[in-house]
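Each protein sequence line maps, in turn, to chains A and B.
Note that this note's numbering numbers the first sequence so that position 55 is 55, with each residue one more than the last.
Take any residue in the second sequence, note its place counting from 1, add 216, and you have its number in this note's numbering.
FYI, nobody ran anything at the bench for these hints, they're computed from the structure.
Even for Gly, the Cβ is constructed at its ideal location relative to N, Cα and C.
Please note that a few of the clues may not be correct.
[Stated by the list, open to error] Label-pair restraints from in silico Cβ distances:
(1) Pro-278(B) / Phe-207(A): 45 to 51 Å
(2) Asn-119(A) / Asn-291(B): 49 to 55 Å
(3) Asp-271(B) / Thr-151(A): 41 to 47 Å
(4) Asn-460(B) / Pro-122(A): 30 to 36 Å
(5) Asn-291(B) / Thr-162(A): 33 to 39 Å
(6) Thr-156(A) / Gly-394(B): 29 to 35 Å
[What the hints assert, rightly or not] Partial list, computed: chain B residues near chain A (C-beta under 7 Å):
(7) Asn-269
(8) Val-273
(9) Ile-277
(10) Ala-281
(11) Ser-327
(12) Phe-336
(13) Val-338
(14) Val-345
(15) Val-390
(16) Asp-392
(17) Glu-455
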Amino acid sequence: MRMFKIAGLASIAITATVLGITSCSKPETVVSPPVPGNEFLTTVAFRCINTAAPFDTTTAIWRNLNPNGTQAPDTSEAILNFKKNSNYVCWVYIFDESQTTKFGTTNLGAELQPNFNINNLPSTTVNVTTEIRQRQNYHLFCFNMTGGIATNLSVTRTDYDTNTPSLQVGLNDNVTTINVSTGRMEVALHHQPNVKNGSCSPGSDDFDIFYGVTIQ
Amino acid sequence: MKKITFLSLLLAAGLSINAQTTETQSVGNNSSFVEVFGGFSMPMGNWSKSAYNKDDVGGWIPTDAANISAGFAGNGATFGYEGAWFFSKYIGFGGVISYSSFAIPIKFADSLSQGYKASFDVDRTTTTVSGAYTMLSVLPGVYFRYPFSDKFSANVKLLCGFTSATTPNISVDVEDGGVDDGSFVQLASVANSLAFMGGLNLSYNLCSNFAINLQGNYFYSKPDFFIANLNRPVQVGREIFEYNQPLSYMNFSLGLAYTFGKK
Chain A
1 MRMFKIAGLA SIAITATVLG ITSCSKPETV VSPPVPGNEF LTTVAFRCIN TAAPFDTTTA
61 IWRNLNPNGT QAPDTSEAIL NFKKNSNYVC WVYIFDESQT TKFGTTNLGA ELQPNFNINN
121 LPSTTVNVTT EIRQRQNYHL FCFNMTGGIA TNLSVTRTDY DTNTPSLQVG LNDNVTTINV
181 STGRMEVALH HQPNVKNGSC SPGSDDFDIF YGVTIQ
Chain B
217 MKKITFLSLL LAAGLSINAQ TTETQSVGNN SSFVEVFGGF SMPMGNWSKS AYNKDDVGGW
277 IPTDAANISA GFAGNGATFG YEGAWFFSKY IGFGGVISYS SFAIPIKFAD SLSQGYKASF
337 DVDRTTTTVS GAYTMLSVLP GVYFRYPFSD KFSANVKLLC GFTSATTPNI SVDVEDGGVD
397 DGSFVQLASV ANSLAFMGGL NLSYNLCSNF AINLQGNYFY SKPDFFIANL NRPVQVGREI
457 FEYNQPLSYM NFSLGLAYTF GKK
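Okay, chain B solo, but in the shape it has when bound:
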């Protein structure tokens, strides 16, 4: 159901931008565009750290700053729509609708699993991560364009909007002395936040109406997640109830843009 909603939103956004650009064309501006893009994203800051610092008997230290800020996020991907209408040669308005996903990589999941194993002093732990950190963002803002030639141009954008983010679901099964001591779960959580994006793209016109854009974007948001934990009667091992760290990333993507107006 969520995917259908997401698809509808993307298509609606695309159609909306398409409709808007019809007016643009009549103005005769040749810099406006709509674009679909996708690429590689690298999480930054504490969110991408994997600290599991323990005391001398293996207990997770809840007062350790690195412990409570670590997010265990790995590299991910960002896809989306972008469009801008240039009301002058150099300046325009536009926006981005993007979807980003950052899974917890195996090496970080293993770090978590080993940490829980030490904290509970048990023979075996099995850690299962379902889902990923995701962000669905709507970011309007201002665009600046500088054409180097008929074919090449550069765009700089500054966007401010909204993101709806989720955390992954982490389940840990504990086994000791041949006895399965059950599983506990850090449930997935959803939080909304203001979001900011700044970026630079280099555009190359393939033909009269199509261009490819190479983008580098920086994204910042700080959603405040309240996290529920299931089946945690024993207060041992990593257990967080709130996660309020910047979710920021660098994104490098390639886009296919439809440009308007006569060349």
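Next comes chain A alone, as it looks inside the complex:
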């Protein structure tokens, strides 16, 4: 009988040890900190074709070849010219020209021109658009019009990601114009990891740029 008591006490002691070890286990937390970025977005192009008149095209290029921010971006080609009462199908292209041209200078002549061919880029120009397409599930392009075009130009995203349910992306768009006017079109690429919901509010900005717009 005494032996049974000893065995019982030993059982209780081991059980208490088990419960003690279990109850002492705390959640383990691991933080993966930032690392230096390894890619640049130097150039954003917006190209449109009039759906009723394919010869009517317009391409605007916004470029910042100086990642340090010590020089203003080159907006000399960041202008879109539309015809009034028209519909355009448009594409956003994003490039890294950091290897194509020399940082800190402008207009070296090697960078992309408005008549660039997306299928025939210089070998040193990186088409970041393909990466954004692969990462479309947490990216969203947002367009905001100011000035006279605010009521005369609208942009509709036409491409969708593979989230469930699918959400718009904005690499492919339709532009509709109404009356003659001028203004600025803001194009922002929102990075929305874990928060993409179809609206522009969540997340942070990969870029936020402006094009001048004229509707004739």
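Following the hints, position chain B against chain A.
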């Protein structure tokens, strides 16, 4: 509450075996025993792998076999009760009630965290693992005993029973561009399954009624977990909805046994 239930089960099992052994003693068999044991367990197979294979832009590949089978389980511990009644010199019936726990170690949690960071292309991810893989098992079966001397004997057992297993809770907080993009959670899940155990123990009699047992056991089960994920609007990064891989481990433990009958 779960711990109280667990404690009650263990004590009830212990008392049950104690009661059973009173009869054994009257038979006069000197090989039957009850035992408390605990030791080190090593997970085996895909369950113990930590694959997070990515495509060229850091996206987790959902069709990658290694990705969907990896369980990120680290080494753990197994504790429990064991008892057997030998109706002949060499053969007996008995069973094990055991509790095993396998946490996700820091290095695997870091692998997960780095993977999510690349998949979402963000500045920072914080991964928190709460709980562990656990298994509460009840395994009856047959025991074979071979005595080498009055002091030493070896036991081989083959057990088949039931296990109730759980997975850990994994929470990941995402931050990019100075903006906290919230947390998503892979919730803990519970599944039940058949389980098998085979093992060998070496027993040394300390005195007339107590022995120490050194055990090596192999455990196998295959519960089918259905896993819920919270706050996952964006289908990027590791996201699993079902985990149906063998949960197997090798356990090495030390036990204190009470043996019955006159020596």
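(message) Min Cβ distance, Val-273(B) to chain A: is it shorter than 7 Å?
(response) With a closest approach of 5 Å, the Val-273(B) hint holds.
(message) So, as I understand it, the hint says Ile-277(B) touches chain A; can you test that by seeing if any CB pair is closer than 7 Å?
(response) The hint is violated - Ile-277(B) has no Cβ within 7 Å of chain A, the shortest such distance being about 12 Å.
(message) Is 33 to 39 Å respected by the C-beta to C-beta distance linking Asn-291(B) and Thr-162(A)?
(response) This hint holds: roughly 38 Å between Cβ atoms.
(message) Quick check on Val-338(B) please, does its C-beta sit within 7 Å of some C-beta on chain A?
(response) Holds. Min distance 5 Å.
(message) Can you verify the interface hint for Asn-269(B): is its Cβ closer than 7 Å to any Cβ in chain A?
(response) violated (16 Å)
(message) Quick check: does the Cβ-Cβ distance between Thr-156(A) and Gly-394(B) fall within 29 to 35 Å?
(response) holds (31 Å)
(message) Holds or violated: the hint that Ser-327(B) contacts chain A, with Cβ atoms closer than 7 Å.
(response) For Ser-327(B), the interface hint is violated, since the closest Cβ of chain A sits about 9 Å away, which is over 7 Å.
(request) Indicate whether the distance between the beta carbons of Pro-278(B) and Phe-207(A) respects the range 45 to 51 Å. (result) Once the Cβ atoms are compared, 29 Å apart, the range 45 to 51 Å for Phe-207(A) and Pro-278(B) is violated.
(message) The hint names Ala-281(B) as touching chain A; please verify it with the least Cβ-Cβ distance against 7 Å.
(response) violated (21 Å)
(request) For Asp-271(B) and Thr-151(A), compare the CB-CB distance with the range 41 to 47 Å and indicate the outcome. (result) holds (43 Å)
(message) Interface hint check: Glu-455(B), Cβ to nearest Cβ on chain A, cutoff 7 Å. Holds or violated?
(response) This hint is violated: Glu-455(B) lies away from chain A, its Cβ roughly 11 Å from the closest one there, beyond 7 Å.
(message) Given a cut of 7 Å on the nearest C-beta pair, is the interface hint for Phe-336(B) held or broken against chain A?
(response) holds (4 Å)
Violated hints, listed in ascending order, are 1, 4, 7, 9, 10, 11 and 17; each of the other numbered hints is respected by the structure.
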